[in-house]
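Enquirer: Make a model of the complete structure from these sequences and hints.
Protein chains in written order, with our numbering: chain A, 1 to 134; chain B, 1 to 134; chain C, 1 to 134.
Hints were generated in silico from the structure; no laboratory data involved.
Using 25 Å as the maximum straight-line C-alpha spacing, the simulated SDA-like pairs for lysine to any residue come out as follows: (1) K90(A) x P73(B); (2) K31(A) x T32(C); (3) K66(C) x H74(B); (4) K66(A) x K66(C); (5) K28(A) x P9(A); (6) K90(B) x H74(B); (7) K90(A) x P69(B); (8) K106(A) x I133(B); (9) K31(C) x E5(A); (10) K66(B) x G14(C); (11) K90(A) x G14(C); (12) K66(C) x N71(B); (13) K66(A) x S82(B); (14) K90(C) x L67(A); (15) K31(B) x I6(C); (16) K12(B) x P73(C); (17) K31(A) x T32(B); (18) K66(B) x E70(A); (19) K28(A) x K31(C); (20) K90(B) x S82(C); (21) K21(B) x T103(A); (22) K31(A) x P30(B); (23) K66(C) x D61(A); (24) K21(C) x T32(B); (25) K90(C) x Q58(B); (26) K66(C) x I76(C).
In silico contact screen, one side only, chain B against chain C (beta carbon under 8 Å); selected entries: (27) G33; (28) N49; (29) E50; (30) D59; (31) S63; (32) S99; (33) T103; (34) G110; (35) Q113.
Every residue gets a Cβ at the ideal spot worked out from N, C-alpha and C, and that includes glycine.
So you can see what is in the structure, the chains are spelled out below.
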Amino acid sequence: MQQYEITLPPFKRGFHIITEKILNHIPKLPKTGIAHVFIKHTSAGITINEAADPTVLQDFDVSFDKLIPENQPHYIHTLEGSDDMPAHIKSSLVGSSLSIPITNHKLNLGTWQGIYLCEFRNSGGFRDIVVTIY
Amino acid sequence: MQQYEITLPPFKRGFHIITEKILNHIPKLPKTGIAHVFIKHTSAGITINEAADPTVLQDFDVSFDKLIPENQPHYIHTLEGSDDMPAHIKSSLVGSSLSIPITNHKLNLGTWQGIYLCEFRNSGGFRDIVVTIY
Amino acid sequence: MQQYEITLPPFKRGFHIITEKILNHIPKLPKTGIAHVFIKHTSAGITINEAADPTVLQDFDVSFDKLIPENQPHYIHTLEGSDDMPAHIKSSLVGSSLSIPITNHKLNLGTWQGIYLCEFRNSGGFRDIVVTIY
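Expert: This is the structure we're talking about:
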C-alpha cells in the first residue's frame, strides 16, 4: 500500500479533468489493484465523467448551478459567501472520493472516462488530494 | 486480490437490479473483504437501493428525469441526442463505483439492499463492469 | 483486515455528525490504510461534509427536501409513507459507503471534514453500519 498527498494549484470554479495531474504523482501502478483518490475539502468534489468533449464540463457547471442555486432564502450558513453553502451540497452529491480498478499497471477506465476535479467555490484555492494505491 | 471484467447485455433506459448477475461471475467470495464494482461508462451508473418493490425502480426513473431534464436550453453538448448530457450528469450523481463489505463469504448487504444498474441512455448498449475482490 | 458492525441509535430526520461515534468502535487504526464505512439501509446515507458549523446540517436538510420533494404525483411507491420514496432517492444521491484514507494511525480527513449520517426517514430507527479497515 502506497500513499501520496498531492496539492493541486487553484482551479477556476467549474469542472476540470485531472487524470494526468494525478498519475504524474504516482511512480508506478501495481499489476492489479485499486487507486483510491480522496479530496480533503467540503466545497469541492471529485467524480468520473466524459473527458473527450470540453462542452460537457461547461454543461456540468451550469447544470449544477441550476440544481443547487445560490441565494436561496432558506440558507442559514451564508457568512462565507453565496457560493459556499451550495458548494457543500454539490460536493456531497458528487462525493469526495473515487476508487478505480488498476489492471495491468494502468487505471482501468473506460474509453471516455476521466477524473474531474469539481471546484464549487469562486476562489477555492489550493486543494489537497490523498491517493492510496493498494 | 481477484479481478473480473463482466459485460452486461443492453438494458432498457431505467434502473435494474443486477446483484445476482454480478455474483454469478465470481467463483467464491473470501471470508472477509471488500467487493468493488466499477462501471466503465459515463452515461450509466451504479448504486445500491431497495430491491424488493419494483415500483421503486420506476419512481427512480421518473424522479431522475425530473431532476435532470432533457432539452435544457443551456446544454451545449447535444450532438449525441437529448438523452446524452442528462445521462452524464445523472451518472455523476449516483456514481460509477460501489464498495461493499464481504462478511462470512457473502456480500454484507442490508435486508432490502440490491445493486442497481442505472441505464441513463435510450440505447446504451453493452456495459462493461470491473469487479475487484480484496 | 478488520471488520466491525456498529448499530447506531435512532436519529431524528436530518444530517448528523458521527465521526467520533464510529471511531469509538475501532480499537486502533493501522499506520497506513483505508477505512471503509458502509450503511446497510436504503433510506439513509452517509457522506463527508463540513463538521464545524451546525447550520450547515440544517441547510443540508432543507435543501435535500427541496431537491427531492415528498408527495410528488408520479410516485407509485407510497405505501410506507410520504417520506419513504424521497428517502430512497436521497440515499442514492449521497451514497451508502465512504472510503477514507488512514495516515499515521488517523483518518486523514481535511480540517473541516466530518462523517455525516443522513437520516431521511421520519422514524428511521436503529441503523447498522459496517466498518472495514484495511
